[in-house]
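Protein chains in written order, with numbering that gives the first Met the number 0: chain H, 0 to 180; chain A, 0 to 180.
Bear in mind the hints are in silico, worked out from the structure with no lab data behind them.
Note that the coordinates shown come from a computational prediction; the quantities given were computed from them, not determined experimentally.
Each hint should be verified, as a subset may be incorrect.
One copy or two, it doesn't matter: identical chains are merged, so the pair holds either way.
Unchecked claim - DMTMM-like cross-link-like pairs, simulated, lysine to aspartate or glutamate; straight-line CA separation at most 20 Å:
#, residue 1, residue 2
1, Lys-122, Asp-31
2, Lys-113, Glu-131
3, Lys-50, Asp-84
4, Lys-50, Asp-39
5, Lys-55, Glu-169
6, Lys-55, Asp-71
7, Lys-149, Asp-91
8, Lys-122, Asp-39
9, Lys-122, Asp-91
10, Lys-122, Glu-154
11, Lys-55, Glu-126
12, Lys-55, Glu-154
Number of protein chains: 2
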Amino acid sequence: MDAKPLTTREALLAHGKRLFWLNGYANVSVRDITGAAGVDGALVSRYFGGKLGLFKETLSQMDTLDIAGIPDREALISELVRIFDEAERSPDVPTVITLTLANARDPEAAPLVKEAMDARWQKPLAELLGSEALAAMVTAVTFGMSVAEKTLCLEGIHRPGTPAYRAQIEHILRAALESPE
Amino acid sequence: MDAKPLTTREALLAHGKRLFWLNGYANVSVRDITGAAGVDGALVSRYFGGKLGLFKETLSQMDTLDIAGIPDREALISELVRIFDEAERSPDVPTVITLTLANARDPEAAPLVKEAMDARWQKPLAELLGSEALAAMVTAVTFGMSVAEKTLCLEGIHRPGTPAYRAQIEHILRAALESPE
DNA sequence: GTGGTGTGTCAACAATCGTTGACTTGCCAT
DNA sequence: ATGGCAAGTCAACGATTGTTGACACACCAC
Numbered sequence: 000m001d002a003k004p005l006t007t008r009e010a011l012l013a014h015g016k017r018l019f020w021l022n023g024y025a026n027v028s029v030r031d032i033t034g035a036a037g038v039d040g041a042l043v044s045r046y047f048g049g050k051l052g053l054f055k056e057t058l059s060q061m062d063t064l065d066i067a068g069i070p071d072r073e074a075l076i077s078e079l080v081r082i083f084d085e086a087e088r089s090p091d092v093p094t095v096i097t098l099t100l101a102n103a104r105d106p107e108a109a110p111l112v113k114e115a116m117d118a119r120w121q122k123p124l125a126e127l128l129g130s131e132a133l134a135a136m137v138t139a140v141t142f143g144m145s146v147a148e149k150t151l152c153l154e155g156i157h158r159p160g161t162p163a164y165r166a167q168i169e170h171i172l173r174a175a176l177e178s179p180e
Numbered sequence: 000m001d002a003k004p005l006t007t008r009e010a011l012l013a014h015g016k017r018l019f020w021l022n023g024y025a026n027v028s029v030r031d032i033t034g035a036a037g038v039d040g041a042l043v044s045r046y047f048g049g050k051l052g053l054f055k056e057t058l059s060q061m062d063t064l065d066i067a068g069i070p071d072r073e074a075l076i077s078e079l080v081r082i083f084d085e086a087e088r089s090p091d092v093p094t095v096i097t098l099t100l101a102n103a104r105d106p107e108a109a110p111l112v113k114e115a116m117d118a119r120w121q122k123p124l125a126e127l128l129g130s131e132a133l134a135a136m137v138t139a140v141t142f143g144m145s146v147a148e149k150t151l152c153l154e155g156i157h158r159p160g161t162p163a164y165r166a167q168i169e170h171i172l173r174a175a176l177e178s179p180e
């Protein structure tokens, strides 16, 4: 379906994003990326100035919340449930959540991720909710559910895509939005 | 204060636990550990059969819940709030949470962590609550709050140790315990 | 004394890492 | 045709990784 006459630079960016965001900066080598892209191993330094340069470039592809399209909190809950449910269903898709968890403790990557997360996700969410405290709690439960389901594979979390899973997510999201300030 | 006539093996185990659990398996080299312990770099392979062997050994030091000492759910909430609040206050203490987050995506360490977490934390918690679903939700919000506070440093999360922080934790923990099964 | 065992030291191994410089190739403007 | 520029290839670099084998030393049983 998708035509793929990507430039070398685009291919490196795509595979770099996928591998970095899923497996973590330290666990991915430059040769992993260039190998997946089918190009020479020297081209990462060529195009992006090095491994870290490519990683920084992938961060600019971080999803942002479309604030304008969300009228009220009830719509926000629906939207978050939908986004989150879809993201969790397929384990091979890099998301903001996998990016953060995979690089949470990396000495080089973590500061960059934290900065990008704050500017491109947390700030819009806080603006949407009119509260940094509520935005923080929403992010907390979102990440927590992802860790429980994808990282720890807890049996108590229902399978993503099912109504029972959506009920769990929606319940805890609603509770987060009713947190004490 | 603390006398420190540790054996070499004990010293390697202690520094290995601290570094592995805080920084992640991939981000810690054998020489980091032996250097911190002040011993020769070859002794990790000597005593533990290799880097991975030492890591496995540290997993046996994972905290477990003292089920016998907790009479009801209200006491559980208090205990979880207390444990969690204390753990969050000092960033340099390795905990179950830092261990999991630091090794969430490591191809070698993650399976071992997942297995140990399930046997030594999740199972006791589920038994205590009489529900895998509730135990999973409790773990989810616990980890989520830790990510929000320690990894992302969200301003909306209050400082650990304050009453406002304990209120946030207690509120979301209570909500997790009222999740739909 | 003698042999053995446990403990630690040292140098070096092969493998992998990110990166670099020299080189070839192809294309376009002149 | 020719000069120049961008794109890609290739081999190699120094650094770091985990691991190993040979060796030195201390201690204890016999």
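Status of each hint after checking the structure:
1. Lys-122 - Asp-31: neither (34 Å within a copy, 37 Å between copies)
2. Lys-113 - Glu-131: Only inside one copy: Lys-113 and Glu-131 sit 16 Å apart there, 32 Å across copies, limit 20 Å.
3. Lys-50 - Asp-84: For Lys-50 and Asp-84, neither the intra-copy (32 Å) nor the inter-copy (37 Å) Cα distance is at most 20 Å.
4. Lys-50 - Asp-39: within (14 Å within a copy, 32 Å between copies)
5. Lys-55 - Glu-169: neither (33 Å within a copy, 37 Å between copies)
6. Lys-55 - Asp-71: neither (33 Å within a copy, 48 Å between copies)
7. Lys-149 - Asp-91: within (11 Å within a copy, 26 Å between copies)
8. Lys-122 - Asp-39: neither (39 Å within a copy, 48 Å between copies)
9. Lys-122 - Asp-91: neither (27 Å within a copy, 28 Å between copies)
10. Lys-122 - Glu-154: between (33 Å within a copy, 10 Å between copies)
11. Lys-55 - Glu-126: neither (25 Å within a copy, 44 Å between copies)
12. Lys-55 - Glu-154: Answer is neither: 35 Å inside a copy and 23 Å across each miss the 20 Å cutoff.
When each numbered hint is compared with the structure, violations occur for hints 1, 3, 5, 6, 8, 9, 11 and 12.
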